[in-house]
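Trainee: Sequence:
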Amino acid sequence: MSATFQSVKPGFILSTQRVGSAPFVHLTFTVRRGSECEGAAELGYLNLLGTMISRGCGKLDRGAFANDCDSRGANVQVYPSRDFFTLEVWVLPEDLEWALETMENMLWQPLWDPVEVDIAVEEQLSQLHARKDEKRSVIWDVCRQRFFRPEHHYSRNLLGDDASLDAAGMEALEAFRTRFLHQAEAVLCVTGGFDEERLARALKSRFQSTSFAPFSPNGRASCYQTIADRVCEIPFPVNQAEVLVALPAMARQAEDYRLGLFCNEVFGGAFLSRLTRAVRMREGMAYSAESRIRSGLDGGTLWIGLQTDVDRLPQALRVVRACMDELAEEGLPESEFNHFQEFVTHSMPFDYDGISDLTSRRLEQVLFNEPWSLEDRLQHFRDTVSRDKTNALCREMLKPGEALVCILGEGMKREWGEAFFEPPTSSFVSSPLEWIPEPEGNGGSGEPTLIHTHREGQLYKLSNGIPVLCLPRLELASISLQVWTVTGAMDEGKGHTGLSHLLEHLMFRGTPNVPDGQFDAILAQRGGLNNAFTTEDFTVYLDQVTLGGLESALNLEADRFSRLDISEELFSTELSVVLEERSMRIDCNPLGKAYETLQYLAFGDQHPYGHPVIGWREDLEACRLEDMRRHYRYASSPERLLLVIAGGCPSAEAVSLAERAFGRLGGESKPVWPVRAPDDIPRLEPASETMRDRSGYSYLLLCYRFPRAGHPDYEACELLSRVLGEGDSCRLYEVFVRERKRVQEVWMNLEPQSRDHPLVHFGVATAEELDDNLADEIKRYLDEVPDQLKQEELDKASRVWFSEDAFSRDDLEDWALEIAGRVVLMDWDEVWGQRERMNAVTLDDLRRVARCYLSSQGAVHVVLHGES
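Our numbering puts the first residue of the sequence shown at 3, with every later residue one more than the last.
Take these hints with a grain of salt, some might be off.
Said to hold, decoys possible - Restraint ranges, calculated between C-beta atoms of paired labels, are given here:
id	residue 1	residue 2	range
1	Glu838	Gln793	18 to 26 Å
2	Ala479	Arg837	26 to 34 Å
3	Ala202	Ser690	55 to 63 Å
No lab work stands behind these hints, which were simulated from the structure alone. Ideal placement from N, C-alpha and C gives every residue a C-beta, glycine not left out.
Using the sequences and the hints, build the whole thing.
Mentor: Listed below in structure tokens is the structure:
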């Protein structure tokens, strides 16, 4: 790995880092300017500029530009923000010169088509209006307006306002772009598997005629306003209360910024933080509670967020206040400081795993003069973070008198928010933080057996038959441990829907060896992170650790898969949480309800895919503890398990640790996978439904039945779905957005990791009233599409797939999930043969599967008409 850092010219810095093993190149061009450049009549122009430069450049209009990017498999993104403007490109190494030329053209020769400008303005207006129906957007917007000075750009929504957008036009936007980029400070970062000589040659002809300003890391102006009224009630039609508390914090370039992040971990940012422990001590006090620091060049903010029941709101705010007072007044004990210091140092390697992580670290070095390498950053942390400094900064940050409290919900009362400013009635808030003993393994002492091997991974069998997939990436410091159970929503009987998802929640609530709350705590002691998710087909438990924490994580997983202790009280509590989650995700979410309706229309009661993963409300309300215990025994049985260990651990060491932890779990078992579904795919019965609900957009959701991964037609169907519904150059976008102007957005979703044949979803959205005939129009178009498909469309979709396959290696966890999903569904040789199968798809294959699976006689759709 080689890295360079140089000033190309005053104000323009080039940072390169070559990673020979990377099969792609990641480029970012960051301008050190943001929305402060907008005039009073230009609000939202920066976001508009980002939209326009992402849609065309030079002589390429929107369609030609999208086609040019997709034909190379390039991923191009633009990120406008309040302090920076970043253009990001992911490409294969052979397209490095194209990427540099394209980045320069996007910034200095963007697409200025008056029609496209009008379209972008209308889309941004729609997004702006839609925010008024999104509770999180509403509370954030109001809080910013009240916390920052009205004239400061931090107080504004990046989408702008109606007046500025209504007046926006091509000439005004070009004038803004010219002023915005004139003598800007900029950083170009190039990271990945590039040839250094090729890069040097390419850069000789790029960015040469542009003038940049000398680089300065200083901030600009104070952003805070004097707040006279520190409580803001926001009426909004939701059942729960949303709370946002804002406090001033340090600017991003401040010397104590990293110390501030550490203070936030202690207060409310980490699982073992004061706020989290205080909330967990008071069961049901809040559904979520966390804090985070968001810092810009002009200042920062400590945001404290809560979601709770309306009747618990005052007490929840008192708990937050008491946590602040306790930490500010009493300080952090030595033992607790040592714990959090260990947590941060153990978790810091996670910031160096991917190519995009390395790019971010280089940017931080250039923009904020921070240490770049992991070793230097660890040393800087040890040198600058002490207990005395932490306590001093906590006293400075945690001042209730400087807080703004925003509360949102139905029937909010001012006195509820004022509870935050009442002196605490109790000095005891959080439980003491102590090092928790770690569980031991089940004592497996047998010898694992190697079953299959490949240059990228090996499949072993433990002495009790549990398979272990090892995917070593020894250049990485982190490890992704995954425990798959081949159990999902499709394994629940009628009347028992939602059991798998509810069990996922309960798996974190304790065993006789590891009481409630200590699973996360033990993992956090070593800097580890964890998560889980449930689908129709699988439940997967995820742990991110370093090598020193792998044994502990394996023992924790083996413990909860063999000794889960579900009491009536914990069951009742977690069931209430899931019911509330259902309210948020589906019952109070119009698009969530529409997708639930679509799934049921497609499958009904005849197939378990017809019911939602979270379960029907009536089934959840009728669920009993014995139902859950029965489902736990089923889901945790060894024959349903797959262990995955990916990242910085040799396979032999990984499987040895797995044997010691899981080797005596249950008796001898034989996996229930690879899972095979019949090759015959029943066609859906045509069905439709129309809904009306509060939403800033109207939607049409359309689905067909497609084959799952492992089916002979799968690869052709995946490429077909991309040709039709993915990206700005896909057919549905070209026809229904660009040509016929019927909708504003198009998307596609296909879940290949399914045990039975899934649905492919096509979605469209518009801020206007949706035409009742649109569904039939799209279905007729798809009926006619087989004979219209072209070789260049297949080539482009293939190129995108191969590029994404290369890019996917940048995220260890996602890459391991993809490989593990194939292992569960396919034979070993098929797992590693997907690139060859994709490459073998022909135009005749594409046309054949289009005729087979896209008949309007097998289509189901739902229309959601949005009402503000």
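Trainee: Does each hint hold? Answer for all of them.
Mentor: Structure-based check of all given hints:
1. For the pair glutamate 838 and glutamine 793, the beta carbons lie near 19 Å from each other, so the given range of 18 to 26 Å is met.
2. For alanine 479 paired with arginine 837, a C-beta distance near 28 Å keeps the hint of 26 to 34 Å intact.
3. Taking the beta carbon of each, alanine 202 and serine 690 are about 59 Å apart, inside 55 to 63 Å as hinted.
The structure agrees with every numbered hint stated previously.
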